[in-house]
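Peer 1: Protein sequences, first through last, are from chains A and B. Read left to right, the first sequence gives residues 91 to 369 (our numbering). Read left to right, the second sequence gives residues 3 to 321 (our numbering).
A hint or two may mislead.
To be verified - Covered stretches of chain B, as calculated for chain A (at least 3 residues, CB under 8 Å): (1) 173 to 184; (2) 228 to 234; (3) 295 to 305.
To be verified - Quick partial rundown of chain A residues pointing at chain B, CB under 10 Å, derived from the structure: (4) Asn-102; (5) Val-220; (6) Ile-223; (7) Ile-282; (8) Ser-284; (9) Ile-298; (10) Gly-340; (11) Trp-345; (12) Ser-351; (13) Glu-355.
I should point out that these hints are in silico values taken from the structure, not numbers from a laboratory. Just so you know, even glycine gets a beta-carbon here, dropped at the ideal spot from N, CA and C.
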Amino acid sequence: MKRIAAWLKKQNKYLLVGLIMTGLAVALGLLSLVWTPYSPTAMSSAERFHAPSFRHLFGTDNFGRDIFSRVMQGIGTTVTVSTAIVIISAGAGILVGAVTGYFGGILDEAIMRITDAVNSFPSILLALVVISIMGSGKQNVILSLGIVFAPSYVRIVRSEFIRLRDADYIMRARLMGVSKWRILFVHILPNIFSVFWVSVTIGFNNAILAESGMSYLGVGVQPPDASLGKMLSDAQGYLGRAPWYALAPGLTIVWIVLGFSLLSEGIRRGAISGKREVE
Amino acid sequence: MKYLVKKLATLILTLFLVSVLAFLAFQIIPGDVVTSILGTEATPEQAQQLREELGLNKPPLVRYISWAGNVLKGNFGNSYRYSKNMNQMMPVSELIGDKLPVTLSLAFLSMIFIAVIAIPLGVFWARSKNRVLDVILNVGTQTAMAVPSFFLGVLVTYFFGILLRWFSPGRYVSYEKDFWGFVGYLIFPAISVAIPKIAMTARFLRNSMLTEMHADYVRTAYSKGATERQVAYGHVLRNAMMPVVTFLGMIIAEIVAGSIVVEQVFGLPGIGKLLISSISTRDFPVVEILILYITFVVIVVYFLVDVLYRVIDPRISTK
Chain A
91 MKRIAAWLKK QNKYLLVGLI MTGLAVALGL LSLVWTPYSP TAMSSAERFH
141 APSFRHLFGT DNFGRDIFSR VMQGIGTTVT VSTAIVIISA GAGILVGAVT
191 GYFGGILDEA IMRITDAVNS FPSILLALVV ISIMGSGKQN VILSLGIVFA
241 PSYVRIVRSE FIRLRDADYI MRARLMGVSK WRILFVHILP NIFSVFWVSV
291 TIGFNNAILA ESGMSYLGVG VQPPDASLGK MLSDAQGYLG RAPWYALAPG
341 LTIVWIVLGF SLLSEGIRRG AISGKREVE
Chain B
3 MKYLVKKLAT LILTLFLVSV LAFLAFQIIP GDVVTSILGT EATPEQAQQL
53 REELGLNKPP LVRYISWAGN VLKGNFGNSY RYSKNMNQMM PVSELIGDKL
103 PVTLSLAFLS MIFIAVIAIP LGVFWARSKN RVLDVILNVG TQTAMAVPSF
153 FLGVLVTYFF GILLRWFSPG RYVSYEKDFW GFVGYLIFPA ISVAIPKIAM
203 TARFLRNSML TEMHADYVRT AYSKGATERQ VAYGHVLRNA MMPVVTFLGM
253 IIAEIVAGSI VVEQVFGLPG IGKLLISSIS TRDFPVVEIL ILYITFVVIV
303 VYFLVDVLYR VIDPRISTK
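One chain only, chain B, in its complex shape (with noise of 0.2 Å):
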């Protein structure tokens, strides 16, 4: 309990410095943001009353708390590159608000495939004595996590969407119109997403087996009678486990940004699409926001495999 507590503190403590680094970082950049919005024939009447506008003659330590204060109660702010129409500004809320399913659906769903078909593959993998086999996966495995996501992403399109005709690429399907069309699309990238962390996590729940197999209690499991399968998917799988949990927990960062990429490949109108445009934009209080909600997201991630931990393993706690 006491743990926890002071788990979650940090959790706060880390927020609330990503949340200062993200507002200063973008207060230091070079280049002023209204000659930005304005171009540079605005007069300085007009520049001045935009600058009010966006509180920007306010000191930085207000407009962080103002900034923080508005984030807290929801109120994101404003894009200063959307607009809704001529006289309003488009909220950052509305902007990231349909783009986040998508992203989410897309991680979800990577970590699906990666539990599915990296836990069973790697059991299988430590179980067998063929040496051919092991040389197959164990190549298989290394080249896999070689390939970067978007190249995968790439040979994805190519294979299943021109070769084989599975999906068309680019066509997009939105989640509000074709529910099960989208989740057919966002099959092709979440495996894009997934290949080279199934093949780390296989790896790794492999030699954590092999380690296990050598533990008192498989000897005594073994001498009291239990079969090998037995012993594989009733003792030494359980401990196994335990790293694994960790090991999926500290890769959904990267899959969060692996997802982000792979947007990019297949189009996919998620929020990583939505960063790079808003970075190549400059449009700031979009980023400023996408950064503090990534962070967010990892971070309670992180938290929640922590607890979950404990909860699988009641030895730690007593430590």
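Extracted from the complex, chain A is given alone in its bound form (with noise of 0.2 Å):
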């Protein structure tokens, strides 16, 4: 026990409290998948406008449905729907930021005035003009928000590429004659996820709120699917009838963009302790 009680105080508070919050929405979004209190589109006209109780943890919505079992399901959505964007995102930029980081020239310059340009505007905007050329719905929310993103990482590759391009160990495996593609990937990559991981949580953050921004605006993840950002744009009619249903998918929301910044907040001092302790 008191070697538990001694561990956690040596863990950094962010990073725990970040994981405990972003852990739990992310398992009750695993649960939804194969299990939820109610199903989450049984109606009952009985039932409708209920507020929270033991029986309804979050209340129920106009149509009498559980909203708890509903926040479930758009948490599953919100959080599976992040990941591909965050993964398809990420591995563009490790890709474009790599190459261009490591090797330079023109190709270089003229990603870097694409990503400039792509920075300078609105994320959600950027992505409204993509799924208005290819249609909402859930596989291309994913697929335009990941273009989207793929830039912020771009230029965080890039420059960990350029910092280490030249360093010592780098160059003895030049020497040696390792192949480009292994320094790119072997030698260099490794060292570059500290500071990669921060800006990974980072994106999870602006993915689930720019994906339930859209859904919001009614431009993104279609019904069925359940999503948070369609259920409060639903309950803001009943606003004053049942503030508990926009308020269950809203908090929600805020909760888990607030474990993904706490849990980057922590890997971000980690690494800096963490560079402190090797120098």
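Given two chains presented individually in distinct reference frames, assemble the corresponding complex, making use of the accompanying hints.
Peer 2: As structure tokens, this is what we get:
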């Protein structure tokens, strides 16, 4: 017990609280794939607008559906969609950032101009443009936000590759005749992860905010896929009668986003103190 | 000077690139505009006639040049969806015209809130030595940053509109009819846009000030007998504001985006609402112009911030 307490004290609180918050949300989202307290679509005219109680933790909506079950399902959608977005954008960011950062040249210059232009544009607007071209729906949300967020990763990965490409150990590897691709992905890539994880957690935040914003506007994930943003916009009409209907999906978004920002803060502080120990 | 010319050239180049992309993007989309306007029952002759009217029978490059030329001349083309009357199409400029002031006022008002609240808050926070207050501000700003603006809009509607009855949600007051009523209504969406950015800016200013507190000139100022207050406002704040100006410039794009989303929450008839409805009805001439317009605003603001930055801190131009 004492050892656990000592271990807890040593950990950084941001990381811990962030892990607990995101962990709980992800667990609920995953659980919703196999089980929810009630069926998220079961309507009951006798149970319309019930306030939160032990029977219905978050109350019921205008159709008498259990809001907690629907929020769980919404988290499931949000978590899977944002994970896919982060995988696409971070993956593309690593590939492009590594190549441009390491090799430099005209390609680097051109890609930097494009990322500058994309970064200066509000991300949700850009996503709306892509959506208007491709049409709404889950896959298109993933693809459009994946494209929109890729440049921010390109930037970070590129600057890390530039920092490391002239490091002594890379020079030595080059002299030993290690192939370029091996240098890129075996020698440099593992060394950028401390910085990279911070941007991945921030990326989760941006993805969740953008995804829920788009479904709030009605151009994101479409029914029957549940989504927190859509729930919030449905609930807005009943704000006076059933405020819990809007609060439940809204506070859930806040909870997840806060969790991820604490997580990124924790990783950042950990990375800094880790660096200090090495020095 | 040379720097500014170079920046200006990049500005124009970026606008050109965005215009090409905005135009091309809507050329490659699946689905024929003509069928979507006329419906599937139109005769081939009617379709052909409309195609010629819209200039769709010419190659893309020709169409881009004529489109861009018209835009430069201030002719933004016609909407596919809205029409003035049976025989006349609705020009995009008329469609956008009365909606622009709404969005711009909202963004401007939010910006004022951010500057007026975040800067004193950041200074106060940096100077306070109270541990409890520090924790409260830390948790508070961290939480405020996690609230999406549309949810904040819903919260503001509930709190100020339904509980306190300070305004009636959904009862938008037109600025042409009653200007102060319009501003009074706009305060609430502006709060929703501003709160997360206030938290961000205050945190940023606080950290910036705390870093500056260790600078040599601060020690010098203290040793010549300046009070803590004098040092904070006369010396530290002025230097700490530098990165904050850049930061405020950088979040302008987000404020514009935030305004567009928040318009939807409060039922404001701004360009955000128009953009969303044009996207869902695939009214591409309107979407193209709106994209170009928003990019234009954002890029020009960046440019101005850059210039302003050089005016505030002459050290930069000597580098």
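Peer 1: For every hint, state whether the structure bears it out.
Peer 2: Hint check results:
1. Counting residues of the stretch 173 to 184 of chain B whose CB lies closer than 8 Å to any CB of chain A gives 0, so the stated coverage by that chain is violated, three being the minimum.
2. Only residues whose beta carbon comes within less than 8 Å of a beta carbon in chain A count, and the stretch 228 to 234 of chain B has 0; fewer than three means the coverage is violated.
3. As drawn, the stretch 295 to 305 of chain B meets chain A at 5 residues by the rule of a beta-carbon pair under 8 Å; at three or more, the given contact holds.
4. Because the closest C-beta pair between A:Asn-102 and chain B is about 14 Å apart, greater than 10 Å, the hint is violated.
5. Interface restraint check for A:Val-220: the shortest CB-CB distance to chain B comes to about 8 Å, inside 10 Å, so the restraint holds.
6. Look at A:Ile-223: its Cβ gets to within about 5 Å of chain B, closer than 10 Å, so that hint holds up.
7. Among the interface hints, the one on A:Ile-282 is violated; its C-beta lies about 24 Å from the nearest C-beta in chain B, farther than the 10 Å criterion.
8. At its closest, the beta carbon of A:Ser-284 sits 20 Å from a beta carbon of chain B; the interface hint therefore is violated under the 10 Å criterion.
9. Against a cut-off of 10 Å between C-beta atoms, the interface hint on A:Ile-298 holds, since the closest Cβ of chain B lies about 9 Å away.
10. A least Cβ separation of about 4 Å between A:Gly-340 and chain B falls short of the 10 Å threshold, and the interface hint therefore holds.
11. At its closest, the beta carbon of A:Trp-345 sits 8 Å from a beta carbon of chain B; the interface hint therefore holds under the 10 Å criterion.
12. Taken as an interface hint, A:Ser-351 checks out: its beta carbon lies about 6 Å from the nearest beta carbon of chain B, inside 10 Å.
13. About 8 Å separates the beta-carbon of A:Glu-355 from the nearest beta-carbon of chain B, less than 10 Å, and the hint is met.
Violation of the numbered hints given earlier is confined to hints 1, 2, 4, 7, 8; the remaining hints are satisfied by the structure.
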